[in-house]
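Using the sequences and the hints, build the whole thing.
2 protein chains.
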Amino acid sequence: MRSRIRAMNRRAILSGAATLLAAPGIRGVAVAAAQADPLPSWTEGGPRQKILDFVGRVAAAGGQDFVAPAERIAVFDNDGTLWAEQPIYFQAAFALDRVKALAPQHPEWKDTQPFKGVIEGDPEALAASGEKGLLQIMAATHAGMTTGVFNGLVADWLRTARHPRFDRPYDSLVYQPMLELLGYLRASGFKTFIVSSGGIEFMRVFAERAYGIPPEQVVGSSGQTRFEIESDGTPVLLKEAKVEFIDDGPGKPSGIDRFIGRRPILAFGNSDGDKQMLEWTAGGTGPRFLGLVHHTDAEREYAYDRQSHVGRLDKALDEAGERGWTVVDMREDWKAVFPPQAWSAP
Amino acid sequence: MRSRIRAMNRRAILSGAATLLAAPGIRGVAVAAAQADPLPSWTEGGPRQKILDFVGRVAAAGGQDFVAPAERIAVFDNDGTLWAEQPIYFQAAFALDRVKALAPQHPEWKDTQPFKGVIEGDPEALAASGEKGLLQIMAATHAGMTTGVFNGLVADWLRTARHPRFDRPYDSLVYQPMLELLGYLRASGFKTFIVSSGGIEFMRVFAERAYGIPPEQVVGSSGQTRFEIESDGTPVLLKEAKVEFIDDGPGKPSGIDRFIGRRPILAFGNSDGDKQMLEWTAGGTGPRFLGLVHHTDAEREYAYDRQSHVGRLDKALDEAGERGWTVVDMREDWKAVFPPQAWSAP
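Sequences listed follow chains V and W, in order. Each residue of the first sequence is one higher than the last, beginning at 902 in our numbering. Each residue of the second sequence is one higher than the last, beginning at 902 in our numbering.
Among these hints, one or two may not hold up.
To be verified - Far from chain V, by Cβ distances over 10 Å, these chain W residues were calculated: (1) Gly947; (2) Lys951; (3) Ala994; (4) Phe995; (5) Arg999; (6) His1007; (7) Gly1045; (8) Val1050; (9) Pro1070; (10) Pro1154; (11) Ala1199; (12) Ala1204; (13) His1210; (14) Asp1219.
To be verified - Going by beta-carbon spacing under 10 Å, a handful of chain V positions derived as facing chain W: (15) Arg1105; (16) Glu1109; (17) Gln1118; (18) Val1119; (19) Thr1126; (20) Arg1127; (21) Phe1146; (22) Gly1150; (23) Pro1151; (24) Gly1152; (25) Arg1163; (26) Gly1184; (27) Gly1187.
To be clear, the hints were calculated from the coordinates, so they are not data collected in a lab. Keep in mind the model is a prediction, meaning the values are calculated, not measured. All C-beta atoms, glycine included, are put in the ideal place defined by N, C-alpha and C.
This is the structure we're talking about:
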């Protein structure tokens, strides 16, 4: 009896250790792969097998493809890679909803583009206002307030807004197979980062809840902030209407270098804006995994690639073919797309 | 005998677990404080006791000052806080050495300021060239090459250059008590970051070796980089002679927000350039620790504060007095300043 208790205790200690091994950010530890299927929503074979093979190789201590845990950096685009991006980028939906919410305080918007187009639900007028119009909308909705106020607005919106087609909160439209992949990588000693053209502050509001990715592992586009002490002595950061950094296309390798300072060994994207991130990741020595999510599932999600205005996948798809990058066919390779309806980001 | 082996094994398992607990980045774990003195180079009482009290409070599960590990963010200035900064900032010493090394390829420098002043060792001419001269030197030594080439130059310099007074490698002139503090914080579930006006790429070359701070936890000033594919197909990042971000003074709260995205609960600096970082850290709710290293030890290191051109500590010293921030008197509070002579960053 006594020895049985002792054996149990030892098992408890070891299983406690296994939990520790799976904790994010831990180093110097090889994780046993003999566990429950880490990728249950991925179809057998294909990309799933390539992922399992790659992770197994880099985590195998003593193997020729072993990569020290500190170097196991994985980067993921967000829009269209970790969550949906149709019919418009979700951050754009937030911005348009903000314009509508602010309209009563701005009677002049009724007669001024691009705001008139937003308020009247006229996408053509909005499109006609071009990049200048977009910058005006961003300035009106993403600047002129403290970072704290902005974060609160995003949190409120995520709680109340619903996706027009799926009638679910936007942050529940994350891809179940990618959640599994993120967890599997972290359990295998990887540090997972978002590298997205989306707004860094916008993403940080939900990235930790939705993906288990903490704010300090989110890289994105940003506007400048200005430090000020308010009249009551409170220090604040004011969001200014000045672009600081655009983390898209060739900006992604720069963003990775600036924020992470190491070259990733795994990169996942879904559009031409991710091409240079995958090229930069591929350019290092040692084992590499390059992946693209190909949106092929009009029934469960959306089907789009070379002609799409949102998340266009054209040149990067050609390059994937030429260089043997892994292309995930959403319809074929994913058993599930979104988490169950009842799921919501915790 | 058998039970002794069993006991040893159990001890080995437990001590392995203790090592895991001390691993950087681990979450959800309270670390028992009953261990060897974590701060042996700090004099009894004073700042040492304040640090121990603070860390004990925030790490005590169930206590009213408990802070979840994910929120245990600690930020440190680098120059003058983690390593020395006299007689000139070490990165400036690197830049001047680079000018001398490059001079044979630039015969025109013999007759052109600020390079002439550097080559002839004429600090007055150099000072007279002002900020414009400094930017010229930075452009000549920190730009026009790939990030990989630059990192190699810094690594070579750290290996070969010696500090003029101490005749030691620059990266051995780190503060022993601060190394202990960094380790103690990490063992207590903190994530430690550098937030410095120094160049982010320069610091990353040695920060992991010297401080145990990985590249992705270094925040600093930067120049822009540009992604390019070289003619042989190699992707590179070129360092351009354009300032991207100055992480100093009011820039430090912006840098913290941009890179970390959480407000720290502990901040340590040594100069007026750290004032806003400490104010921003102090401005959050819950327990806070604000520290300043005061250079009071001309014998073992340097003594300077309100009048110094390097690392001036004037307004922040006044504010520390008014607000009860912890001021470390280097002469009184540190038993040792640098690691032993034989030590070098691994």
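Legend entry - Supplied contact hint for arginine 1105/V, tested at 10 Å Cβ to chain W: 5 Å, holds
Legend entry - Interface hint compliance - glycine 1150/V to chain W, C-beta minimum distance less than 10 Å: Constraint on glycine 1150/V satisfied, holds at 8 Å.
Legend entry - Exclusion check [arginine 999/W not at the chain V interface, CB over 10 Å]: 21 Å, holds
Legend entry - Cβ separation check - alanine 1204/W to all of chain V, threshold 10 Å: 30 Å, holds
Legend entry - Outside-interface status for alanine 994/W - nearest CB in chain V farther than 10 Å: The claim stands: alanine 994/W keeps its Cβ more than 10 Å from every Cβ of chain V (closest is about 22 Å).
Inset, instruction - Go through the hint on glutamine 1118/V and say holds or violated, using the shortest Cβ distance to chain W against 10 Å. - result: 8 Å, holds
Legend entry - Exclusion check [glycine 1045/W not at the chain V interface, CB over 10 Å]: 16 Å, holds
Legend entry - Interface hint outcome for glycine 1184/V [beta carbon to chain W under 10 Å]: 4 Å, holds
Legend entry - Status of the arginine 1127/V interface restraint (C-beta, 10 Å, chain W): Result: holds, 7 Å to nearest chain W Cβ.
Inset, instruction - Check the non-interface label on aspartate 1219/W: least C-beta distance to chain V beyond 10 Å or not. - result: For aspartate 1219/W, whose nearest Cβ neighbour in chain V is about 15 Å away, the distance exceeds 10 Å, so it holds.
Inset, instruction - Under 10 Å, Cβ to Cβ, is where glutamate 1109/V needs to be relative to chain W, so tell me if that hint holds or is violated. - result: 8 Å, holds
Legend entry - Assertion that phenylalanine 995/W lies outside the chain V interface [Cβ separation over 10 Å]: It holds; phenylalanine 995/W is separated from chain V by about 18 Å at its closest Cβ, greater than 10 Å.
The structure is inconsistent with the numbered hints 10, 27, although it conforms to all the rest.
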